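Chemist: Here the protein sequences line up with chains A and B, keeping their order. Once you know that position 24 of the first sequence is 41 in my numbering, the rest is easy, because the numbers rise by one and skip nothing. Once you know that position 90 of the second sequence is 1533 in my numbering, the rest is easy, because the numbers rise by one and skip nothing.
Hints may contain errors.
Said to hold, decoys possible - Simulated crosslink set (DSBU-like; lysine-lysine; CA at most 30 Å straight-line):
1) B/1603 to B/1497
2) B/1524 to A/45
3) A/45 to B/1603
4) A/81 to B/1603
5) B/1497 to A/81
6) B/1524 to B/1497
7) B/1524 to B/1603
8) A/45 to A/81
In short, the hints are calculated from the structure, not lab data. For clarity, every value in this text was computed on a predicted model and none was experimentally measured.
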Amino acid sequence: MPPSNIDIPGQRITDPAEIVIRRHRRDKRQPIVYDQRTRCYRLPTTAFEPRLPENRPNATRHDKYLSVNIASSLRTSGLPSDWGCDHAHFLAGKVSVEAVQAANLTVTWEPIESGDPTNPHHGAINGVVELYYRDQDEYVTVLSSLARASTVLPECLPEN
Amino acid sequence: MNAIVTSAGSSEYRMWPASVRTFISAMPQCLQDDSVPGISLGQTAPRRWQNIAKFREAFNLGLDCAGAMVSDDALDPPDPKIWNYALDAVRNFAGFVPTPLVTPLQLGGVSVEWHAYGIDLEIWFRSGAPPFVLIDDVRDAFPTFQGRDSHLSHAYTALKHLADRSG
């Protein structure tokens, strides 16, 4: 199910209240970042790094955008926010579209309709890869702003 | 010498380039207890040893994570030059500050970060440019900083504050 008011793949999601979910690979023995300003657990800045094509001539995959899941799409389908997140190896954190827009990035609905697995809830944060090649300092700053705006899903915290 | 052990002693580890495996096996030399200079910050030696052990473990966990991500084709292999540089840059603080979070970056880089005692400090090490440092002190004892820190002077200031606060 696409997010409300969105029915064309690639269409921009502009509702600032929409939430996107980003997964981050981690070793379970690593600490989770506790944001001392917001007093919430958040994703580290590195969670928002795309796979850059540079230096990867043999890589089979690199990113055009940051992959996320669209929270309202999951919710409409009756799926939990941490859908598809293997807690043994991943953290999942949420970020509002408002925070993404504040970083001068955009969110689009990009359902994965072929291949294995498919993901109709898949979305993209666009502009990060381009930013890396335009201004690497701004790139880190923007990733940091996304990280600081993120909150780890309660389902991913150790007590759960 | 304590050996660095990666839980990726497995197929993941064997998939890494030989240079990376050599680098990992060489890492403990940087972190022998006696390699830490005797800066007196009021901490007892056993506590310093514990901190150093945890510091070493943090780098191991970062490498384990990198190994898993490389296996998933989600990451470029760690660049030994960058990781060694990072380790060398911060190892003098190993005995005196809380355990860092060490996470791999794309293009072989590494991020070393602390989020404790009111201080958020992230140091991004990547080839071809000075480290990028993000500093935020919730207690406002020293200025926020975001930018290239060629000699890590901003980072070291934050680390000294962190050592003082955690002492």
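Chemist: For this structure, which hints from the list above don't hold up?
Modeler: Checked against the structure, the hints that fail are numbers 4 and 5, while the rest are satisfied.
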